[in-house]
Amino acid sequence: AQRVTQPEKLLSVFKGAPVELKCNYSYSGSPELFWYVQYSRQRLQLLLRHISRESIKGFTADLNKGETSFHLKKPFAQEEDSAMYYCALNPSGGYQKVTFGTGTKLQVIP
Amino acid sequence: ETGVTQSPTHLIKTRGQQVTLRCSSQSGHNTVSWYQQALGQGPQFIFQYYREEENGRGNFPPRFSGLQFPNYSSELNVNALELDDSALYLCASSLDVGDKTQFFGPGTRLTVL
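Going down the list, the sequences are from chains X and B.
Our numbering puts the first residue of the first sequence at 1, with every later residue one more than the last.
Our numbering puts the first residue of the second sequence at 1001, with every later residue one more than the last.
The following block holds chain X by itself, in its conformation from the complex (with noise of 0.2 Å):
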């Protein structure tokens, strides 16, 4: 069974200090992950994939296997960044069964 765990509810940091938004995962094969990003009166949005290893808004992620780790960074958070923070797993190939952390609400302190 695949599982995402997301350790923190809540995540308070001032403004410029770095943020680091944990997210395990348990999954017998190649995932692949992802963040998604909810921000206040917004939908869902993807915030970053892992095989795209890009940075967004300053933030991101690697992938550990050996760990089975997929923490969220930004060295220096902003007021903006507040918002809620979802860390997914999706499984390799066409069948999709995604499976969500139960988010990490990050708040940054001006």
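Because the hints were derived from the structure by calculation, they are not lab data.
Keep in mind it's a predicted model, so treat the numbers as computed, not measured.
Each hint should be verified, as a subset may be incorrect.
Below, computed lysine to any residue pairings styled on SDA-like, alpha-carbon distance capped at 25 Å [claimed, not checked]: (1) Lys57(X) / Thr1002(B); (2) Lys57(X) / Leu47(X); (3) Lys105(X) / Thr1101(B).
Could you slot chain B onto chain X? The hints should help.
What follows is chain B alone, placed relative to chain X:
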């Protein structure tokens, strides 16, 4: 380019009733997935449709069923509603079944009394 739309926005039903939720995919997208998001939880995968056929299902009972139409719009039907069905129902479309990038709709808030 039109994004994913869902209707209605809110819905109130009583236990035992049936409900139909609707979703219009983003233009050009032939794959749609439905999710249930209970309060304080992440979205839970219900099922996916690709070219009018079910292409995967999560751990939901058969009273949750779906349809996808030739224009790739979609419906989620829930029979014999239970109190625990109260949730936000999200629809997400993707360009093709192999494309894992999903675009979400705003959701339908269902309350079962």
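Given pair status - Thr1002(B), Lys57(X), alpha carbons within 25 Å: Answer holds: Lys57(X) to Thr1002(B) is near 24 Å, not above 25 Å.
Does Leu47(X) sit within 25 Å of Lys57(X), going by the straight-line distance between their CA atoms? Cα-Cα ~8 Å, so holds.
Has the given pair, Lys105(X) with Thr1101(B), been kept, meaning a C-alpha gap of at most 25 Å? This hinted pair holds, its Cα atoms lying about 22 Å apart.
The structure agrees with every numbered hint stated previously.
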